[in-house]
Amino acid sequence: MDRVDGLAKVTGQARYAADHLPEGTVFLYPIGATIAHGRVAAVDATEALAIHGVVAVLSHRNAPRIEAPTPDLAVLQSPVVDHRGQFVAAVVAESPVTAREAAAAVRVRYETEPHRVELRDDAEGLYAPEKMLVGATDSLLGDVDRALREAVVGLDRTYTTPYAHNNPMEPHATVAWWTEDGELRMHDANQGSHSIAADVATAFGLRPHQVRVTSPYVGGGFGSKLYTHPHVLLTALAATAVGRPVSCALTRQQMFTSVGHRPAMIQRIRLGAEPDGRLVAISHEIVQQSSAHQEYAEHAARPTRMMYAAPHRRTTHRLAPLHLPLPTIMRAPGDCPGMFALESALDELAEACGVDPVELRIRNEPALAPETGRPFSSRHLVECLREGARRFGWAERDPTPRARRQGRWLLGTGVAAATYPATRVPATAEVTAHPDGDYTVAIDASDIGTGAWTVLTQIAADALRTDPRRIRLRIGDSALPPAPGAGGSRGTASWGTAVLEAAHELRRRLEEYGGQVPPDGLRARVASEPSAWADRFAMSGFGAHFVRARVDMDSGETRVDQMLGVFAVGRLVNAKTARSQLSGGMIMGLSMALHEGTRLDPALGLFTNADFAQYHVACNADVGQIDVVCLDEEDPYVNPLGAKGLGEIGIVGAAAAVAAAVYHATGVRVRDLPIHPERLLRG
Amino acid sequence: MRPFRYERATSPDAAVATVAANPGAVFLAGGTNLVDLMRLGVARPDRLVDVRRLATDTVEPLADGGLRIGAAVTNSRLAADLTIRSRYPVLAQALLSGASPQLRNLATTGGNLLQRTRCPYFQNVTTPCNKREPGSGCPAREGDHRTLAVLGHSEACVATHPGDMPVALAALDATVRTEGPAGPRALPVTSLHRLPGDEPHRDTVLDRGELITAVDLPVLPLTARSRYRKVRDRASYAFALVSVAAVLDVAGGTIRDVRLALGGVAHVPWRARRAEEQLLGAVATEENLRRAAEAELAAARPLRDNGFKVPLARDLIVRTLLDLLEPLQRHDPTEARP
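So the protein lines, in turn, are chains A and B.
Read in order, the letters of the first sequence are residues 1 to 683 in full-length UniProt numbering.
Read in order, the letters of the second sequence are residues 1 to 338 in full-length UniProt numbering.
Simulated from the structure, these hints should not be mistaken for lab results.
Backbone N, C-alpha and C fix where the C-beta goes; we use that ideal spot for every residue, glycine too.
Any given hint might turn out to be false.
Among the chain A residues that face chain B by a calculated CB cut under 10 Å, a handful are [said to hold, decoys possible]:
hint: 1; residue: 71
hint: 2; residue: 253
hint: 3; residue: 555
hint: 4; residue: 594
hint: 5; residue: 608
hint: 6; residue: 613
hint: 7; residue: 677
In isolation and in its complexed conformation, chain A is listed as follows:
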């Protein structure tokens, strides 16, 4: 089925947050700190206020007070500056151009303090966080150090991944105003309106229903729009201060310092193995950036805890609190950088043991989830590897590096595994039957370009045994029944289950009416329960990436000619949008491998390449053939739909497969992303 929202989007009829201009809207332009650490000593707005059309200049001195739910959201509440780009003031004006121009006229004076922005794994002040995004900080099984010492084959490698910035196509934007009833309304670009509304309600001391956030159309997020960010509260603060609707659309450059990023990481992996490649010990120690003002810790070792069998195993996460912006989740937080390191190490181990990298992974396939001892609800990693190998012609591969040439190109192939957990969280859906034969399906789900509009329509139509055109779907509104945001690859599983159960309940009730819809319609509302199986099974999707790449001997430029991804992710609700999600993830993995990364000026605490001309994401010319294959997989335990979720698994492991192909082509092992040309030049 085609996207139900496709026509509205390509014809420009879908209205995104900043497209809304309530009558009397004024425009906000935030001013970012130009120091990395210190205090705002003075804000001189005289010149800015003299500009025609300027309505107000806000700073910590005159902004309304709020009870910020987290330190990062305490925008304009104190003079303290913890990172460069932190909002220290804002201009509100009659036009966006005036606001921006006046912002340049606001003079902010600072008292600077020394800052610390460099990520090092030997720095003082590293600490173990008490709470991770998911899972435990550390894990330990057996005697890892001894097993590593005594292992016949040992590997000790450090991998680093840079700061990466989500950069969805639609920049973050918020429009906020107060109603006559003292309620706060917002149009906002986000991945889940309920949590945004809850944060705003907390900040302004309102009851949850007094804040309404709508976001039916969102132009991408990749995680950056899941949490509330400072500009959301800043916009609401401004609406409070000026008593008019306020619109704030961040610039691309501002997004590099105010809506989160994937934290840079230093990951040390030590493997101990038998000569045949069977692992006896795995140690994965991670140091990642957090911020000085608020903690952020993502679970990069999560996949290491469940991918491969080994009796002795250890994982640790340590944080470096730096005077940099607060990181946030970015497509497969934790799992994505973690699997770059783990899968790269597996490739190195395969070479050290002289075992084919596909075979090495198959030899280390665990019978049960290695750390929890739970059975997998379904796990078809081996099938993905074998099917991928078959389709890719892997059997012909000569593992010798730098042994294939075509003209001045060195050719190589690489493989890596993928995984992402299949989770589901409670959600509530309401389905109403109308006498005209239509149904309204209401749930605060979020479509950030993933296809939620389409798949929820399909799920409802199937469950109600009606034509999809009969479904009037309503999503992206905090006034709708509550549901989790679009994150963790759990949208379809969570929202879909709620829609399915509500539809079933409605049909049951319709039967009580003899199948006739009463004149006022008939409604069913269901809050789905958590899965009864979640504590008994390990639930994850799996996949395998195969990559064909070439590297120019003279320039070090890499081209990826083919990516093949084979996935076992349960049932596909919509093959078309599923393919888009998976291939999009793979391309983002290619981009991570070759292009993406923010460079940091340590003296200034500045991300230097903070625009699309210099922060490179893969463009069309970088993407060769992309093949996506999904195995038929039945999993009765994950959720009633049997769908495991596939928003994130496409990126997981993809960068490791590219790096493996580049090694195979060149003989140069790149453990430090991105793989820029100079890393492959021999000088």
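Given the structure of chain A, go ahead and fit chain B onto it with the hints provided.
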């Protein structure tokens, strides 16, 4: 963006007079760089004088057999011009390697010569930059300079010229024609841009109010054997880490003429005259090409993180010339997208 006045100039003389007389006035052509810089607050003109309809937008033959490219010819149009493609392939290749189709549809020949550096500090008004604010300092020297200059830079500035087309024009010995307050003049494109020295805020030798009206390409029968090779961080829509424009004429294994220019390495499109001198009359062996490239790059003074550009430029010069020696390799089938 600062409020500004927009006007469409009625004649070159009027445009020149307006900009010469008003310190806040600037010429506007395609706007692909200027408008960005205005948004960023780097350029703060109060008056835009649109010259796009003044200059010709045609490529005309000259009496001596050369070509005159009107300053308003867009990059996409120039790249598609059949004469350019057949007689000056290096120029067509350079144009097509730059920016994106959308930008090439707007960018003009005159404006492209005058685009400003993409040094991240120059583009960020919250940092010091001697080019943007003379005397404020240069954080790039110690900071992020991976993409910046290895040749001809100064204590004050390590920025690079970002263009592709100007590198090809430098190799082709093109002439820039201008109208200025002091009347018309013609200058070699290789003297248009300046090294930063103590005045990095001056990108070119043009006077205030001096307007580029055309670029002349000389008759160079040998230019059919020419090539532009650009190395960058992604396959398109990225500035050059290093680029090479090469024109080569070989007879009986001996180099009869050669023109070489480098992009991405200096504040100017870098004409590699030292290498050319060594190569003239020499036997076209890989060894000789390498020695000449090394001689050119002996003057390089790389910074902490851009040292890779020196061997990269060397190898790229050698490879580009070798490719020109073996015409069959110019059409390496692996270059085509699968």
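Hints, one by one, checked against the model:
no.	hint	in the structure
1	71	violated, 23 Å
2	253	holds, 8 Å
3	555	holds, 4 Å
4	594	holds, 7 Å
5	608	holds, 4 Å
6	613	holds, 6 Å
7	677	holds, 6 Å
Taken one by one, the earlier hints fail for this structure only at number 1.
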